[in-house]
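Colleague: Sequences and hints are given; from them, build the entire structure.
Heads up, our numbering is the position in the sequence shown plus 255, with the first residue counted as 1.
Since the hints were made in silico from the structure, they are not lab data. If you're wondering where the values come from, they're calculated on a predicted model, not measured in any experiment. Keep in mind that the hints are not guaranteed to be accurate.
Said to hold, decoys possible - Keeping only pairs whose Cα atoms sit at most 20 angstroms apart, straight-line, the calculated EDC-like set for lysine to aspartate or glutamate is:
hint, residue 1, residue 2
1, K463, E512
2, K709, D555
3, K626, D302
4, K617, D589
5, K663, E767
6, K437, E481
7, K437, D416
8, K617, E590
9, K591, D614
10, K826, E846
11, K663, D741
12, K663, D738
13, K336, D314
14, K796, E488
15, K717, D464
16, K566, D499
17, K293, E634
18, K826, D741
19, K663, E634
20, K822, E764
21, K888, E878
22, K525, D499
23, K440, D476
24, K386, D348
25, K463, D808
26, K437, D426
27, K769, D738
28, K717, D808
29, K709, D464
30, K717, E764
31, K826, E766
What the hints assert, rightly or not - Quick list of the computed label-pair ranges, beta carbon to beta carbon:
hint, residue 1, residue 2, range
32, V385, S497, 29 to 37 angstroms
33, E417, H487, 31 to 39 angstroms
34, R452, W791, 23 to 31 angstroms
35, H487, D439, 24 to 32 angstroms
Glycine included, C-beta positions come from ideal geometry on N, C-alpha and C.
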Amino acid sequence: MFKKSLLACALLASLTACNQTSQQVNPPQTTQAISDFKTYSAETFFDTTDIQGNAFRPDAKKILVASDESGIFNLYEVDVKTGKRTQITDAADSTYPVGYFPNDPRILFTRDGGGNERFHLFVRDENGNVKDLTPGEKVRAGFVGFSEDNKAFFVLSNKRDERFMDLYRFDASTYESELIYKNDKNLNVQKMSETDRYLALVNAQGNKDSDLFLLDLHNPDAPLVEISNVEHEANFFASAFSKDDKYLYYSTDAHGEFSQSWRYEIATGKHTPYIVKNWDVRFLYFSDSNRYRVVGVNEDSSIKVTITDLKTGKDINLPKLPAGSINSVNFSDDEKLMTFYLNSDTSPNNLYVWQVGSDKVKQLTSTLSEKINTDHLVESTIARFNSFDGLEIPGVLYKPKLASSTNKVPALVFVHGGPGGQSMTGYSALTQHLVNQGYAIFAVNNRGSSGYGKTFFHLDDKRHGEDDLQDIVWSKKYLQQLDWVDADRIGIMGGSYGGYMTAAALAFEPEEFKLGINIFGVTNWVRTLESIPAWWEAYRKSLYDELGDPATDKERLHRISPLFHAKNITKPLMVVQGANDPRVLQVESDELVGAVRSNNVPVKYVLFEDEGHGFSKKENRIEASQAYLDFLKKHL
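Modeller: And the structure:
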């Protein structure tokens, strides 16, 4: 297993955030209409099992995962030899694995309360007893890693001050904790070295500029050493330490359009480029011995993973696999076994295990519903169009199987979350359900999306609801040019920031789209930015640089907020909201729904009392997907 890890959360993340980190194994195949084509219900699509996490038990006989096969994420152990899954938690709230203890089968996991994003760290002992290690109503915690001697582990927690994440050392036997780094400078602790000596921390100066620092925990009087070594604005992010603490690896966009991987030699202060691509190097990490390196590159909306054996200097070539992309690569402690997931547009994550060097790979799960014929699902293509000002905009396009020039289909522009998110390739039950029912989906990466360079990413700074919205309008114009799309039946939908864009499109471009589906979307930027969760304090300035400070930019934020222009909305609207959402408060959706209904416009409001900013329960995903389809059938 990898001993050091950090939980990360994107600001206003999309509903499909953490879209799998992956490597494309085989190219997508061209989809063809088929004579025996079938449509499937939402229940059938969500009969598919969502599975994540893949930590080896110390003896490498079991793999710890989270699965929603019971209707909500709980922990399971998967037998490496047989693939048999054994459920080991039965909680009412979604439960996610951290991993096993290094020398015994105790388990660490995280869980929040009904989607409120106040994650706590729990331990499950050998007898199945569970203990909350980070109790407190307002506490939020995240696991960092085990100590070098495995006698302790490290946890980030805001129990001292709700705004700041401090670092604590927990005794691995007694679970007693002590504060070892008081985060009074409001920094973001990103990585801890393998020897427990160094911390890598980031100070977010804004959304274009962040500073990377190194702190020596062995010297209580040691100052922060700044690693970010350029005069101009640039972002820095810690990736990994070498096992011997000789190097800190970090990513930065300081030297070009895309994030590159660099290496910092701690003893000399020397910086060296390590991995440079014409796309963002999304992540880099090493196996425990540092023999294997895993690198992910965000290449045109797909993450391509390369696994390198640093002993030989050669990339690993896996045995023949089904078409798809690998993600979440992990090794057993002795590094004789490797586990990973394989995912494609037409196949959800499946867990595999490989004995390193052998000529066969074993598939441990089969997660797609047995009722679905994969020939009836659709593979995406990457499409591009020129927007209002000539800027090229990419997107992920799904064409229904039976669509043709003689069978034109309705279409939906789908907008990702963020701001600054990205629509990626890969399996989505929501997308495949609607495409299977005959709706084209164009998941647009409008200006301001990540993955296409820092210039592109910053083009919508403090321009939300303006230039980025025009990209969405022009994506509709692109769809209208396709001879298999019904030009008069195009709607818009999206989640989080995409939900905002949906409401903005209906309010500010009221004649463009036939309807809108707003899923957990912001409607009042003033209130949203004034009520951001306390634990986002380290990113507050970055968020304000992106969107605007409500204290000084209130007029513009009011101007781009759909709630204050709801009188302009004349097309059918659907709103989905989680009552426990800490990012987009329920009152925003309540008020928008009330305002649009006063226009005598059809409004469908779906409120989930047991969800936050996204869906954690399978039954709610089914209900929402069926509601989308019913709404589309009625109004599009």
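Colleague: Can you give the numbers of the hints that this structure goes against, from lowest to highest?
Modeller: none
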